[in-house]
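Engineer: For reference, the chains in residue letters:
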Amino acid sequence: MSFIDSLLAGLQLVSNVEAFLALALGVAIGVIGGAIPGMSATMAVALTLPFTFSMTPITGILLLLGVYKGGIFGGSIPAILIKTPGTPASSATVLDGYPMAEKGQAGKALGMALWASCTADLISNLALIFFAGFLASFALSFGPPEFFTLILFSLTIIAGVSGDSLLRGGLSAMLGLLLATIGLDLVYGTNRFTFENPNMMGGLNFIAVLIGLFAIPEILSMVWNPASQDGVARSLGRNKVTFQEYRRSFKSIVRGSFIGVFLGSIPGIGAAPSAFLSYSEARRKSPNKENFGNGEIEGVAASEAGNNGVAGATLIPLLALGVPGDVITAIIMGAFMIHGLQPGPMMFVLNVDIIYGLFIGLIVSSIFLFFLGSVAIRGFKYVADIPRGVLFPAVLILCIYGVFAVNNNIFDVGVMFAMGGVGFVMMRYKVPAAPFLIAFILGPLLEDNFRQSMLMSGSSGWVLFRGPITWFFWTLTAITVFAIVRAGIRATRHQATGTSQP
Amino acid sequence: MKFVKAAFIGAMALGVTATAAFAEYPERPINMVIPYGAGGATDISARTIAEPLGSAVGKPLVMSNITGAGGATGSVAVQNAKADGYTMLFARVGSHSVNPAMKATLPYTLDDFRFVTVYEINPVACAVTPASGIKSMDELIAKVKDGGVAYSSSGVGSLLHLAGAMVLKEFGIEKPLEAATHIPQKGGGAAATAVLNGTATFLCTNSSALASFVANGQLVPLMVTTPKPVEGFDAPTAADLGKPALEQLVGWTGIAGPANLPDDVAEKWGAWMAAATADEGFRSKMEARGSVIELMNPKDANEFIRGQYTIFRALVDELGMRIEG
Amino acid sequence: MEDRSIQIQLGIGAIAASVFLIAVAIPFWVSSPSNVPNVILSPLFWPNVLAALTGLIGAGLIVTSIARPRPEKPDASDVDDRPAAFTRLAIMAVIMIASVLVMPRLGLVGTAMLTFAATAFLVKTKHPRSALVCAVVIPLVLYVFFAHIAGVAVPQGDFVRLP
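Protein chains in written order, with the numbering used here: chain G, 1 to 502; chain X, 1 to 325; chain L, 1 to 163.
Some hints here could point you the wrong way.
Label pairs and their calculated CB-CB ranges [what the hints assert, rightly or not]:
1) X:G307 - L:V94: 48 to 54 Å
2) G:G467 - X:D234: 32 to 38 Å
3) G:T475 - L:K126: 54 to 60 Å
4) X:E324 - G:W474: 34 to 40 Å
Keep in mind that the hints were calculated from the coordinates and are not lab data. Built from N, CA and C at the ideal position, the CB exists for glycine as well.
Throw the hints in and build the complete structure from the sequences for me.
Structural biologist: The structure is reproduced here in structure tokens:
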């Protein structure tokens with residue numbers, strides 16, 4: 001079958017009301033689910049899964065994909081409005097989105113998030129359609145040594161999100177790495193810092209840590225200083241993103257999309273590191289670096305592009321290899337299996353109509369996302385106008401419900417509160433939270449892949465330099481570390497001269 | 001941590017009134033704990049049976065995924081719950097035969113649960129990549145003897161971990177732990193990927209987890225452990241290869257309650273499961289995924305699980321695989 | 001707090017944490033397999049590396065703070081009455097701990113209502129009446145959503161059983 005034939009077969013499959021209705025419904029469910037902290041895109045997809053059992057395969061899968069895409073965007077809404085990332089992927093959006101909302105530019109931030117999300121989504125989908133085969137074969141050349149070097153490089157993001165002090169950022173990262181060691185050891189299965197508590201054996205729940213670190217400190221700082229609630233009456237969020245601003249951020253959006261496509265096509269990394277990498281790259285390249293972290297619209301654009309760029313690309317390993325890249329695609333893969341479809345190279349031969357039907361649906365989903373997202377923004381942005389004395393307790397309750405629901409475990413609510421305390425102390429001591437989070441995600445991956453590499457090679461370190469991919473990332477890491485150190489020395493010198501001439 | 005633990009124990013009792021009248025059981029929704037994540041084999045199996053089971057029970061079944069520590073977190077939640085039949089567990093081979101056999105550090109034992117049924121058996125298959133050039137178990141064993149062979153698993157103490165060692169042992173490798181390297185991964189998907197990208201040489205896992213890779217020609221099956229051949233797997237059975245002992249190496253899913261679950265509750269579950277597994281739609285969905293539907297009553301289920309545990313425990317002790325703190 | 005004292009306090013804290021981890025926490029609370037004859041890549045290795053790095057960063061914080069003698073302007077946004085702020089913080093901590101403890105008995109909904117009201121009055125909300133209404137309505141709405149739409153087994157408590 002030629003390309004056109006396949007395309008027509010796919011079109012035939014999706015050109016019915018149900019398919020489009022499912023897609024739109026999915027995007028709507030996703031946006032709402034993503035916007036509820038603790039619900040997260042993952043849970044929204046998991047909850048929708050049982051409803052797809054009775055649908056035709058294509059309708060069911062489009063529904064799930066719609067939820068996924070909507071969820072990744074929806075997560076940015078609470079990230080901007082109440083400093084609580086709705087999904088882990090939108091944690092980077094908090095860094096500049098929330099300061100913008102505090103300045104009364106919530107509408108602008110949300111608008112930019114939507115524009116960036118849709119653009120990145122489209123780029124990601126196109127990458128899936130045109131480069132699936134190529135990127136998939138690339139993904140398979142990633143064994144533990146390659147992963148180790150990639151993650152080592154990704155850890156340099158910490159420098160980009162540390163704010164004004166690299167050492168404090170480093171301290172934050174160390175804290176994240178240490179807390180991530182809680183749980184069972186990968187290789188021997190022995191306990192690490194579990195204190196005989198079965199709830200600790202699985203490690204600290206990521207979403208509980210995430211919400212504890214971002215949302216709870218805000219509430220605690222209002223408890224610390226209740227007067228702050230009436231001082232800054234946040235002006236109405238009735239402002240829109242201009243085309244001018246979109247054009248200014250366009251470069252960052254495209255860069256973020258490609259970072260997302262690259263990281264998305266490799267199984268096991270996920271959207272959150274991609275958003276942070278995109279953010280730190282945008283900051284590094286931007287002329288107004290200082291404004292990043294204080295409400296820079298380009299920062300919002302870059303992070304949202306980074307996480308939505310992953311959304312289409314994670315389907316590459318799923319469809320081309322049958323390997324799910326993250327939890328969400330694992331659930332979507334479950335839906336394929338339930339309908340008797342087996343993702344993998346043969347699917348491009350046996351069910352090519354479904355593949356192309358999905359492609360068409362994905363492109364349409366970017367458009368749906370744009371319209372439904374605009375509606376959601378209009379509805380949600382007035383959250384910024386609710387008096388804080390009512391809003392913050394409500395956020396607290398929402399966090400309790402959400403964190404409980406993630407794993408049906410009250411212990412996680414306790415983890416969230418404990419992390420909230422840690423986050424508040426960090427805030428008082430001006431230690432940035434973002435490096436903590438990145439380290440918490442990447443630390444276990446770094447250790448596991450290092451030890452897997454050592455197991456593979458029988459403890460010979462040379463395996464970490466075994467091929468061009470590892471060389472590439474070693475070089476990249478070396479260059480980045482060199483640049484960071486040089487910038488650090490310059491900053492110190494600058495400060496020293498500043499001291500002598502007050 | 002004590003208060004959190006106490007809080008947790010209480011939570012899982014889920015608001016039980018002191019005078020629960022069992023005559024009317026069930027009078028409200030039943031909380032079904034799935035100790036593994038959404039989209040996994042246990043989750044899909046549980047959600048498939050929930051449909052016919054819900055109509056047999058007559059009250060809604062609320063499915064809760066409580067994941068972590070290879071199924072231990074969710075299992076402990078049910079172990080500590082009130083034994084009134086309103087909190088039940090989807091037990092799995094990993095959490096309830098391999099883990100107890102391998103982990104000395106596990107916070108529960110088999111005695112902490114009462115099994116009301118086992119309803120599904122999953123054949124185990126061993127597979128390699130076509131690129132490895134291995135076409136039979138004999139070739140794999142020859143290669144293991146040469147050295148440098150590794151196998152992947154979904155984690156320490158998982159079925160895959162034990163299966164790799166058990167298969168090698170049965171095929172005459174004296175010290176499988178030294179002859180082949182075990183490379184643990186995080187989760188079943190990652191374990192299969194590790195074989196695909198050459199990190200590990202082979203893996204032995206539930207046939208359903210391998211079905212799509214085998215159908216796509218990405219993996220070559222070498223053996224299945226069930227007495228009957230598995231559809232879609234062009235591979236001999238363990239008995240064909242003269243290793244009938246490996247027939248014990250199968251995956252299963254069952255339902256369990258806390259240890260002192262009353263007899264009448266267990267009996268009711270027996271009846272409900274008989275009705276649920278008779279459902280045509282359920283059977284066809286499960287069989288399409290390569291499962292064998294085999295309903296056991298509470299007594300048989302207990303015997304089956306303990307039998308498997310004893311065999312695994314003996315092997316673990318012989319090979320020194322037990323995980324001690 | 002000025003920047004310099006922050007750096008010094010953080011540095012001292014980091015070094016203390018590092019010493020505590022290496023001397024007490026890791027030997028006691030991280031176990032290495034006792035029955036594996038030759039442990040390669042001990043589970044203790046990575047935590048020890050991290051603890052050592054934490055100590056190094058702590059030292060770095062102290063050194064740079066000494067090299068930076070310039071006192072910076074005090075944080076303008078801080079509160080005037082610190083003891084009262086600490087009291088409020090302590091009360092909030094009690095609210096949080098209590099909410100985790102009573103949740104199994106009172107159920108998630110009841111706990112959420114009490115937590116909402118307590119927090120709102122702790123921060124002396126300007127809209128006490130609407131806060132009270134929200135304290136009742138929001139937990140109920142969330143309950144309906146999570147229990148009936150999302151199918152989550154929301155803890156019910158011993159006293160009231162919601163449909």
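Engineer: Next step is simple, just say for each hint if it's right about the structure.
Structural biologist: Structure-based check of all given hints:
1. In this structure the supplied range 48 to 54 Å holds for G307 (chain X) paired with V94 (chain L), their Cβ-Cβ distance being about 52 Å.
2. Checked against the given bound of 32 to 38 Å, the beta carbons of G467 (chain G) and D234 (chain X), roughly 33 Å apart, stay inside it.
3. At about 57 Å, the beta-carbon gap between T475 (chain G) and K126 (chain L) stays in the expected band of 54 to 60 Å.
4. Between E324 (chain X) and W474 (chain G) the Cβ separation comes to about 38 Å, which falls inside the hinted range of 34 to 40 Å.
This entry satisfies every hint, going by the numbered hints stated previously.
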